[in-house]
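Novice: Kindly generate the complete structure, drawing on both the sequences and the hints.
Protein sequences appear in the order of chains A and B. The opening position of the first sequence corresponds to residue 1 in my numbering, with each subsequent residue numbered one higher. The opening position of the second sequence corresponds to residue 1 in my numbering, with each subsequent residue numbered one higher.
Because the hints were derived from the structure by calculation, they are not lab data. We put the beta carbon where it would ideally sit given N, CA and C, even for glycine. Any given hint might turn out to be false.
Said to hold, decoys possible - Here are the simulated lysine-lysine pairs, DSSO-like style, with alpha carbons at most 30 Å apart:
(1) A:Lys39 with A:Lys195
(2) A:Lys307 with A:Lys226
(3) B:Lys306 with A:Lys304
(4) B:Lys267 with A:Lys39
(5) A:Lys226 with A:Lys199
(6) A:Lys180 with B:Lys256
Said to hold, decoys possible - Computed spacing ranges between beta-carbons, pair by pair:
(7) B:Arg16 with A:Gly69: 52 to 58 Å
(8) B:Ser259 with A:Glu50: 18 to 24 Å
(9) A:Asp92 with B:Thr36: 39 to 45 Å
(10) A:Gly69 with B:Val280: 43 to 49 Å
Unchecked claim - Residues on chain B that point at chain A, a partial pick, calculated with CB under 10 Å:
(11) Ile40
(12) Lys100
(13) Met116
(14) Ala120
(15) Ile184
(16) Ala193
(17) Asp316
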Amino acid sequence: MSEMTYRDALNLALKEEMRRDPSVVTWGEDVALYEGSFKVTRGLLAEFGEERVKDTPISENTIVGVSIGAAMGGLRPVAELMTVNFALLAMDQIVNHMAKIRSMFGGQTRLPMVVRAPGGGGSQLGAQHSQSLETYFMHCPGIHVAVPATPADARGLLKASIRDNNPVMFLEHELLYNSKGEVPDDTESLVPLGKAEVKREGKDVTIVAYSRMTILALQAAAELEKEGISCEVVDLRTLSPLDTETFIASVNKTGRAVVVEECWRAAGLGGHLASIIAEECFDRLLAPVRRVSGLDVPMPYSRKIEKLCIPQVETIAAAVRDVMSQKY
Amino acid sequence: MESKLRAILPDAELIRMYEQMVLSREFEESCAEQYTKGHITGFLHLYSGQEAVAVGATAGLHRDDYILSAYREHAQAIVRGAEPRRVMAELFGKRTGICKGKGGSMHLFDPNLSFMGGYAIVGGQFPIAVGLAFAAKFRKEGRIVACFFGDGAANQGTFHESLNWARLWELPVLFVCENNSYGIGTSVARASALPDIHRRTCGYDIPSERVYGMDVIAVYEAIKWAAEWVREQNRPFLIEAITYRFRGHSMADPGKYRSLAEVELWKSRDPVPAFANRLVEEEIATEAQLEGIRQQALVTLADAVKFAEESPWPEDSEVWEDVYA
Ligand SMILES: Cc1ncc(C[n+]2csc(CCOP(=O)(O)OP(=O)(O)O)c2C)c(N)n1
Ligand SMILES: [Mg+2]
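Specialist: If you want it as structure tokens, here you go:
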């Protein structure tokens, strides 16, 4: 094991996979010379050269479309969208093309490609640069969606995504890049797509989360332990495929569930998770499922009110206390 | 001495343009300081070096012509008439800000000034500019739309779609490209098949012109002429102003992709002292007068910062205000 940041873990995954497989290429705005807006592609141009590490014009729809073509043509492109907000400019290629091609053409082609995109709010970047769009991709069949919370998962999931023959939206969290954690040294240690992880065991209540929300849920769990509440934290790790088994088993054990999503509440993925829990765990539930979500407003710039729009450790803890207080 | 400038604009107008250039520069320097102190957060893209474009262009437009821009738009808003106090308060996230603290540095807006927004999605402003031009023409308002954008934005699909559309519907849009040679760390040459942005319009039968964007009077004359042409013809035009940003892309960017020699060369072309020298040479102002203007700008900014500091934060309940749907 080695300790490293989430950023370095992603960088390592890219390097390892590019060393292992010469068909892996990467491109995006400012990824080569500038080494990435968030420096995830640091050192790649120097090691792999201009043929495999490329700067692109500011043309998101075409970045994804060219990646699709390259994937159909036998390469394994890893495209970087500078932030997930700009994926909205590429929704045509993502939803109408990338997600459709394998099944629409009767399974006759593979589509081994990854679209990396950092996102999330909390840095006062304003309404157009602070979005959490994971539900948009999860909603669409035909693509995998990875949402790593820790450096180890970031590396393992990115490696698995690059090796996968399906398109993967790989959603990184901007506020996690500097977070540190232990990462296995073995270059063949992958994290499979579609496998959630119990990041903390507990007996009273299950918190289901992903990406940065997992980290906040773990902090809330640590706080709540002092109050005598034992939380189990399930980190989904991928939203698609969705590992329902792990969280269903957990809720069946604890009898209570809090679902945390950073995205907007209206039609957010938390509603989907809550409905699965309601269907699968109905007779084990001791309280209604509670959702903690982003506020349904365009993100305000002012930090004073921005923080109200994003789930915090305290809002998660409050939701847990609330489900614990309900007696049936 | 025969003054060339005086033949173009009256003294008072020239002095006013100089005041705007100095205020724009000092505003950005003040922002940098407040960012370092942690009063301004988020992304902060400064305009230092490009002042001649905002000032020259705005002077060449009518007061009610619409202006749209990207996220490097403080100067454009202030030159159009936005109060430095309210812009600074916006950057501080205070409720007295020009957008009540909801927008921030990248999203200034004031319909009373026909300043129709700073947009942070590269290329997002092009179609909106076309739509405003349609409305203005439809309502026979006689105003045009000045749409500012960067060299990098010219590679977005919306740029091409909007050029085509503006020409097809014969709409009064003046596209103003501020070509500062870089989109973040990627030079125009690495991102554009045809780095001469103004030549791209031939595919849409739109006339265009390139202007030296470090010369405020050259920009003024080019824009003035083009704006009147757009107004009379009800057709789009594109001006590419060659300029340079002295700082990094944003405060987070140390700008290592540019050689020191390149930066120094462009700093030697600094549009603010260049204009000052001309004003003195042509005896439109004295050195002492110009220094007085700078001191006045510093007073204005000290007041703006104080106002921003002392202004109240938004109330928590304001998170739900101005949300209509
Ligand atoms: C759609 C979209 N893609 C990418 C970005 C990230 N980004 C912000 S500014 C910028 C460079 C734009 O360069 P240019 O248009 O030349 O304007 P300048 O910053 O030089 O003023 C990029 C890529 C964005 N904001 N929006
Ligand atoms: Mg530029």
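Novice: Take the hints in turn and mark each one as holding or not.
Specialist: We went through each hint and held it up to the structure:
no.	hint	result
1	A:Lys39 with A:Lys195	28 Å, holds
2	A:Lys307 with A:Lys226	25 Å, holds
3	B:Lys306 with A:Lys304	19 Å, holds
4	B:Lys267 with A:Lys39	28 Å, holds
5	A:Lys226 with A:Lys199	18 Å, holds
6	A:Lys180 with B:Lys256	27 Å, holds
7	B:Arg16 with A:Gly69: 52 to 58 Å	54 Å, holds
8	B:Ser259 with A:Glu50: 18 to 24 Å	20 Å, holds
9	A:Asp92 with B:Thr36: 39 to 45 Å	41 Å, holds
10	A:Gly69 with B:Val280: 43 to 49 Å	59 Å, violated
11	Ile40	9 Å, holds
12	Lys100	8 Å, holds
13	Met116	15 Å, violated
14	Ala120	4 Å, holds
15	Ile184	5 Å, holds
16	Ala193	9 Å, holds
17	Asp316	6 Å, holds
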